[in-house]
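Q: Whenever a hint applies, use it, and build me the whole structure from the sequences.
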Amino acid sequence: MVKVKFFGTARVLLKDKEMEGDFKDVNEMVAAICVKYNVTKKDLKQYYIYVNEVNIAKLKKYKTELKDGDIVWLLSPASGG
Amino acid sequence: MKSKYGAYCGKIVKIDLTTKEITDYPFSDKERELFLGGKIMAAKIIYDNIKTKIDPLSPENMIVIATGPLNACGAPCSSRFDTSTISPLTGLYTSSNCGGNFGMGLKRAGYDAIIITGKAEEHTYLYITDDKIEFKNADFLWGMKTQEAQEAIPEKGDKFVIGPAGENLVRYACVISNERAAGRGGVGAVFGSKNLKGLVVYGTKSPEVYDKKKFDKVNKIWTTRLRNHPLTGAQVPALGTAGLVTPMHAKNLLATNNYRSGKYEHFEDVNGETLAEKYLVRNTGCTSCPIRCARVVKVEGKEVKGPEVETVGLFGPNIMNHDMQAILDWNYYMDDLGMDTISCGNTISFAMELNEKGMWKNGLEFGKIDNIAQTLDDIAHRRGIGDELAEGSRILSQKYGGAEFAMNVKGLELAAYEPRGAVGQGLGYAVGNRGGCHLNGGYLVVVEGLGLNANPYTTHGKAELCITFQDLMEAASAGGSCLFTTYAFFPQPWVAKPNGLFTKIINKFITEVGFVLRVVLRIPTVLAINLPHMLPHPKAIGAATGMKYTFGKFIRMGERGYNLERLIDLNLGLNPLEDDKLPGRLTDELQILNNPKSKVPLEKLRANYYRARFWSKDGKPTKKLIRRLKLEK
Ligand code: SF4
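Listed in order, the protein sequences are those of chains A and B.
Our numbering numbers the first residue of the first sequence as 10 and each following residue consecutively.
Our numbering numbers the first residue of the second sequence as 103 and each following residue consecutively.
Note that these hints are calculated values from the structure, not bench results.
Fair warning: there could be bad hints in the mix.
[Claimed, not checked] With a straight-line Cα cutoff of 30 Å, these simulated DSS-like cross-link-like pairs (lysine-lysine) come out:
#1 K599(B) to K70(A)
#2 K76(A) to K365(B)
#3 K12(A) to K606(B)
#4 K610(B) to K54(A)
#5 K70(A) to K365(B)
#6 K610(B) to K50(A)
#7 K606(B) to K50(A)
#8 K24(A) to K599(B)
#9 K599(B) to K50(A)
#10 K407(B) to K26(A)
A: Here you go:
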């Protein structure tokens, strides 16, 4: 199982903290989120995606493979002060 | 001295607590154009009056409470006012920004600023109304906490008071208006040293703006932008500033275990999401704010203000605590006792590490939280170890050692951002005029990982970027705006599509932006441009006052303010090469063992910074620059 955690405005949009599932890669995971929460891929473009604490921009982006036990984060850009 | 400009009251008074004399303080329209208001106006007044090193807790020190032209005029996020003085923590200039209603009240009573000097013979509070300032005996208020004192003052109006910490000269005591703090730098201790419990102001006037129609139009566009921007319209209102905890953890920026790490394994117990889901009663905001970043939570059954990210970070991960309710409780106690949560938390984590290393046996331990509430009370009343903790981390390190892990710069403790994960933020902490302040340091962490995703480790372009944001925030603050309004400066798509190609290009090249701006802003025609959608501040100031304010003039005014603060600090004995530096842990030890870039290459960054500021190699504004900024005596 892959655990996907939602943070920042992702949690506000999806109204959920996390979901679990078996996904081949990030692409498949994104598609599953879209189905489960009735959102579009475009909606999810506003988030950074991390796999095991590494930004997928530094891995194989949406083709980053996922395996059992992986933890994925969806994070929104933030500011404060 | 009356002003020809709109939005100003045209009156500044000097109140001498020793002699009880009240005199008008001259401030010309030429000076208003150059120094605008708030912290920059205050810096000008302090620069003209304090020329050499003084004891900040002596009657020689002065307090300047200053408003900006936008205060009380109806612009978004414009209740913020500044309290400036010489800090008992740093011995240097400090300016503390507060979102309570006192500043607006001051303008309604007809004052742009008040200057407080001397020392009252008896415990005193000041009652300021439209045309009168009265000295009132404060014996009955002395010893009261800040909420109780505000309620106990019988006069109607907006209050600004200290608690026991200020009375007992805790070096990081703050001053509270409503539930909002003028938090940093120990301004509350300066109040206490003058026997001044606080002020209450009640006014019936309303400042007139120069061009109401234009002003309303700018404000409408401005408010819409703040509401629609992903940061100020969604993230900050939903999660508050504690919404930063998760991205800080993700990007190695969350000060943990007294800045030994940038990650905390229990971050999910103390992040903004948990705060919102388990503890939030509702969000709220300062008057006239469409962002509403503030949290209302419950402490002992009462609805009170919730903590900011700084307090969560420094009383959570940095002392290895993941009990959120405890953080809410302590945050409330500190506000009520009247002390800065950042310096307090940081001093406690330093004491914990001293204890851990056997350098000062004090009973404080990482992860042990049952003695924290009592310790806070002991600090405010200077009892037991509290008396020593009340001195702040720098003085503690002079007594017990450990300067390399006493997390302050120039005596002011750092905020909760661990700068080895964002070296530009490290530079900002080091060179900041008021000491280790994330905001006075330019707050580059937003560009280096939280809002945007620029390379956090490169030194390239960071000095210029740091200067740009320092000057920008300086100017926004002087106008009377909350600094959060500057986050909407980033075009929405940069934030809304963090993985988009355009944003990637921006992230790659943003380190060039500061340099380009520094060059371009020297061309007079460019100085005349305006960016009303990205940065409405100059337009709003122009419409409110009648001054011809442009983006270039605005940022130049910020630059003038920043340099003026440095000149004050130099008069007070600042030695930049000695003082513009970080604790050794941040420059000499790697944050991540297998990442050789994970420490702050300060020497290089600092040399770049001095050069880009047009300062000498030893960190001082040159005569030519002083002339260019119209700062010559
Ligand atoms: S954003 Fe927050 S701090 Fe700024 S004015 Fe609004 S409520 Fe106050």
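Q: Please go over all the hints and tell whether each is borne out by the structure.
A: Verification of the hints:
1. A C-alpha spacing of about 15 Å is found between K599(B) and K70(A), which places the hinted pair at or below 30 Å, so the restraint holds.
2. For the suggested pair K76(A) and K365(B), the alpha carbons sit about 24 Å apart, so the restraint of at most 30 Å is met.
3. Restraint check for K12(A) and K606(B): the C-alpha separation of about 27 Å stays at or below 30 Å, so the hint holds.
4. Taking the CA atoms of K610(B) and K54(A), the gap is near 19 Å; set against the 30 Å cutoff, the hint holds.
5. Taken as a hint, the K70(A) and K365(B) pair is honoured in the structure, with Cα atoms around 23 Å apart against an allowance of 30 Å.
6. Annotation: proposed proximity of K610(B) to K50(A) holds, straight-line Cα distance about 25 Å (limit 30 Å).
7. About 19 Å separates the Cα atoms of K606(B) and K50(A), which keeps this hinted pair within 30 Å; it holds.
8. For a cut-off of 30 Å, the pair hint linking K24(A) to K599(B) stands: about 20 Å separates their Cα positions.
9. As the CA atoms of K599(B) and K50(A) are separated by approximately 12 Å, the hinted pair is consistent with the 30 Å bound.
10. For the hint linking K407(B) to K26(A), the alpha-carbon distance of about 25 Å falls within 30 Å, and the restraint holds.
Hint check: no violations occur; every hint is consistent with the structure.
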